[in-house]
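Undergrad: Residue numbers (numbering that gives the first Met the number 0): 0 to 92.
These are calculated hints, taken from the structure and not from any lab test. By construction, the Cβ of each residue, glycine as well, lies at the ideal position given by its N, Cα and C atoms.
Only pairs whose alpha carbons sit at most 20 Å apart, straight line, appear in this in silico EDC-like list of lysine to aspartate or glutamate:
(1) Lys36 - Glu50
(2) Lys11 - Glu21
(3) Lys36 - Glu72
(4) Lys2 - Asp29
Beta-carbon label-pair distances, calculated as ranges:
(5) Ala3 - Val75: 23 to 33 Å
(6) Thr64 - Pro16: 50 to 60 Å
(7) Ser18 - Gln55: 37 to 47 Å
(8) Gln55 - Ser90: 35 to 45 Å
(9) Glu67 - Asn14: 52 to 62 Å
(10) Lys2 - Glu50: 14 to 24 Å
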Amino acid sequence: MTKAELVEAVAKSANIPKSAAEKAVGAFIDSVSDALKQGDRVTLVGFGSFEVSSRQARTGRNPQTGKEINIAEAKVPKFRPGKALKDAVASKK
0 MTKAELVEAV
10 AKSANIPKSA
20 AEKAVGAFID
30 SVSDALKQGD
40 RVTLVGFGSF
50 EVSSRQARTG
60 RNPQTGKEIN
70 IAEAKVPKFR
80 PGKALKDAVA
90 SKK
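Please work from the sequences and hints to get the whole structure.
TA: Here it is, written out as structure tokens:
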């Protein structure tokens with residue numbers, strides 16, 4: 000599902016204009032992004048949690064040359080699905 004498809008689904012589900020749904024989806028994405036930038040965790044009960052995780056520095060290999068390279072430490076976003084979401088996905092066969 001693309002962002003445009005999500006906006007359309009939200010508009011249809013909430014019976015609101017697409018422009019309002021687009022603002023709502025955009026505001027949600029911006030709010031989650033801002034919270035993660037500040038190091039906060041965003042928890043949506045039943046859906047899941049967004050958080051920032053640290054990936055330690057490590058040594059890797061360039062697949063073309065085989066030469067060792069150093070990969071710097073990085074902060075990466077993570078999503079952990081909640082029980083209700085896991086159950087909803089598992090029941091769809």
